[in-house]
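2 protein chains.
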Amino acid sequence: MSIPPRIGFIGLGIMGRAMALNLVKAGFQVSVYNRTRQRTTEFADMGCEVASTPRALAKLSDTVITMVSDPAAMDAVLEGPEGVLGAFSGGNTLINMSTVSCEYTKALAAKCRVAGVNFLDCPVSGSKPAAESGQLVLLAGGDEAVVKKLDPVLKAMGRAVIHAGQPPAGTALKLCVNLVLAHMTTAVAEGAALAEAQGVDPALVFTTLAENPAMNCGYFALKRNNLVNKDYPPAFPLKHMLKDARFMLSEARAKGLELPVTQAVAGLMERSYNSGYGDKDLTVIHRNLTEPLNAAKE
Amino acid sequence: MSIPPRIGFIGLGIMGRAMALNLVKAGFQVSVYNRTRQRTTEFADMGCEVASTPRALAKLSDTVITMVSDPAAMDAVLEGPEGVLGAFSGGNTLINMSTVSCEYTKALAAKCRVAGVNFLDCPVSGSKPAAESGQLVLLAGGDEAVVKKLDPVLKAMGRAVIHAGQPPAGTALKLCVNLVLAHMTTAVAEGAALAEAQGVDPALVFTTLAENPAMNCGYFALKRNNLVNKDYPPAFPLKHMLKDARFMLSEARAKGLELPVTQAVAGLMERSYNSGYGDKDLTVIHRNLTEPLNAAKE
Chain A
1 MSIPPRIGFI GLGIMGRAMA LNLVKAGFQV SVYNRTRQRT TEFADMGCEV ASTPRALAKL
61 SDTVITMVSD PAAMDAVLEG PEGVLGAFSG GNTLINMSTV SCEYTKALAA KCRVAGVNFL
121 DCPVSGSKPA AESGQLVLLA GGDEAVVKKL DPVLKAMGRA VIHAGQPPAG TALKLCVNLV
181 LAHMTTAVAE GAALAEAQGV DPALVFTTLA ENPAMNCGYF ALKRNNLVNK DYPPAFPLKH
241 MLKDARFMLS EARAKGLELP VTQAVAGLME RSYNSGYGDK DLTVIHRNLT EPLNAAKE
Chain B
1 MSIPPRIGFI GLGIMGRAMA LNLVKAGFQV SVYNRTRQRT TEFADMGCEV ASTPRALAKL
61 SDTVITMVSD PAAMDAVLEG PEGVLGAFSG GNTLINMSTV SCEYTKALAA KCRVAGVNFL
121 DCPVSGSKPA AESGQLVLLA GGDEAVVKKL DPVLKAMGRA VIHAGQPPAG TALKLCVNLV
181 LAHMTTAVAE GAALAEAQGV DPALVFTTLA ENPAMNCGYF ALKRNNLVNK DYPPAFPLKH
241 MLKDARFMLS EARAKGLELP VTQAVAGLME RSYNSGYGDK DLTVIHRNLT EPLNAAKE
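These protein sequence lines are chains A and B, in that order.
The numbering of the first sequence is the working numbering, which starts it at 1 and goes up by one.
The numbering of the second sequence is the working numbering, which starts it at 1 and goes up by one.
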């Protein structure tokens with residue numbers, strides 16, 4: 001039996017915190033680093049080492065997992081004299097579970113290859129409840145041997161690991177799945193708006209979807225109340241999906257692929273973001289659709 | 001106990017045939033009319049009366065159900081000296097289960113009101129398998145008393161009857177549900193195309209969706225093979241969804257509602273229709289997305 005890896009976890013936001021907690025619960029030796037130190041307290045209380053810099057974390061770890069918000073945050077923890085990469089040597093493993101662009105992922109993979117560091121790009125499908133219950137779906141890009149070796153670590157955070165190919169395949173697959181999710185959001189938003197415009201109770205759209213075995217989908221049920229009550233408390237903030245939507249379109253463009261519907265989905269999200277709704281749940285695009293109806297009624 | 005209505009069924013296409021068969025199986029007295037007489041043979045063999053004109057059918061029936069392809073076909077069976085309406089008198093009921101426009105439905109409802117004929121607009125959600133197994137969802141617009149009275153008839157064809165309001169509420173609700181279905185189609189088509197463009201196996205998009213409890217949806221599983229194998233045998237012909245998409249946009253426009261994503265969905269379907277794919281399954285829009293990729297490879 002191989003010795004379980006010492007894991008360093010960077011990024012204790014909503015998702016990262018839940019994932020790191022599941023690693024601790026699974027019995028792994030976990031050290032943590034977070035820019036806002038306050039979020040590390042509960043981990044210190046559980047006996048985890050709290051590193052004061054990413055470099056110090058890397059020194060404590062065989063495998064470092066990053067779950068941060070964007071490429072700038074990635075660079076901040078990986079690069080420079082206090083970054084992870086400077087402290088990493090051959091045989092160490094970096095797993096990036098943040099969703100960044102394929103381009104960024106490719107460059108990072110190349111950098112790791114040169115340094116002899118194993119690399120997985122491994123974004124996740126699923127949101128806070130799935131992260132908390134360890135039911136995320138992990139989309140891995142990397143060498144099959146590395147994915148296999150880290151399977152116990154990955155399975156502590158998710159129900160399934162899907163090996164998509166070499167990096168940035170995990171990231172590329174995540175974009176495709178989030179594309180479907182973004183479209184499903186605008187689908188029920190436009191469906192509910194059309195019902196309202198026609199004087200039909202929008203809740204009946206959801207009732208019908210739930211009654212039809214082919215269209216009965218958990219995501220629709222999750223978002224039903226937002227659209228029926230026109231209240232959009234953040235579960236998946238619009239600004240994050242908009243970031244992904246921009247990645248989808250730039251990836252498609254780079255490959256000579258036209259995605260006319262994704263273009264419209266992203267356009268609607270840009271409009272909603274520009275209305276100041278970036279921190280609301282992505283279903284808030286419904287407000288931009290229905291505002292003209294409400295204005296007409298007044 | 002009230003006497004079960006004598007039912008006249010008009011339109012024995014893929015859907016209508018299955019629905020009429022379920023009425024026969026449920027023990028109702030069913031007479032049929034179909035423009036192409038050949039399709040009535042199996043009903044004659046089961047002991048159903050076959051009427052030679054819609055008027056003759058109406059004379060045999062308390063309740064006439066129409067399930068035809070478009071407004072022109074509706075007019076052909078309802079209007080004129082050989083049409084249903086001329087033979088109908090007060091107390092008879094017309095149930096239109098075809099999907100036509102809200103405008104057409106409103107005009108028909110008004111005509112029935114003047115003639116003292118009960119009217120339900122009652123399109124269905126679900127396709128051939130659901131029609132065959134009596135698992136359709138029926139979206140009814142009409143007087144609550146009429147919907148209630150005809151519940152046994154409707155339940156012989158479907159698992160649920162959703163009363164949406166006065167006509168054209170059933171039709172309006174159907175449009176909203178088909179809007180979601182159309183969007184779900186372009187969602188997985190663009191998702192699969194983006195995977196392919198990025199060198200990721202499109203089948204993994206479906207695997208990921210199926211693993212995520214929030215996104216695991218029967219419709220995606222139903223359409224998976226079409227998109228993975230790039231083969232689009234007709235289950236729901238594109239031309240029918242395109243007809244509905246045009247209705248969605250014209251309804252929205254009439255109510256001052258802008259539906260930017262539906263606009264893009266309809267645009268893609270128009271393009272695919274103009275490529276000569278109207279009779280293929282609506283997933284065929286995937287071919288229009290991926291053709292440029294294939295051309296680039298050659």
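Simulated from the structure, these hints should not be mistaken for lab results.
A quick note: this is a predicted structure, and the numbers were derived from the prediction, not measured.
There could be a bad hint or two in this list.
It does not matter which identical chain is meant; a pair holds if it fits inside one copy or across any two.
Claimed, not checked - Listed below are the simulated DSSO-like cross-link pairs for lysine-lysine, each with C-alpha atoms no more than 30 Å apart in a straight line:
id : residue 1 : residue 2
1  : K155      : K230
2  : K59       : K239
3  : K128      : K255
4  : K255      : K149
5  : K106      : K59
6  : K106      : K230
7  : K230      : K111
8  : K128      : K155
9  : K255      : K230
10 : K255      : K25
11 : K148      : K128
12 : K25       : K230
13 : K155      : K106
14 : K148      : K106
15 : K59       : K230
16 : K25       : K106
Each hint, compared with the structure:
1. K155 x K230: neither (37 Å within a copy, 33 Å between copies)
2. K59 x K239: neither (34 Å within a copy, 62 Å between copies)
3. K128 x K255: neither (32 Å within a copy, 38 Å between copies)
4. K255 x K149: neither (33 Å within a copy, 58 Å between copies)
5. K106 x K59: The answer is within: 25 Å in one copy meets 30 Å, while 73 Å across copies does not.
6. K106 x K230: between (40 Å within a copy, 29 Å between copies)
7. K230 x K111: neither (46 Å within a copy, 37 Å between copies)
8. K128 x K155: within (16 Å within a copy, 40 Å between copies)
9. K255 x K230: between (38 Å within a copy, 19 Å between copies)
10. K255 x K25: neither (42 Å within a copy, 54 Å between copies)
11. K148 x K128: For K148 and K128, the Cα distance is within 30 Å only inside one copy (25 Å; across copies 43 Å).
12. K25 x K230: neither (38 Å within a copy, 44 Å between copies)
13. K155 x K106: Within one copy, since 24 Å is at most 30 Å while 56 Å is not.
14. K148 x K106: within (21 Å within a copy, 62 Å between copies)
15. K59 x K230: Neither. Shortest intra-copy (49 Å) and inter-copy (50 Å) distances fail the 30 Å Cα cut-off.
16. K25 x K106: Neither way: K25 and K106 sit 32 Å apart in one copy and 61 Å across, limit 30 Å.
Consistency note: the structure conflicts with the earlier hints numbered 1, 2, 3, 4, 7, 10, 12, 15 and 16.
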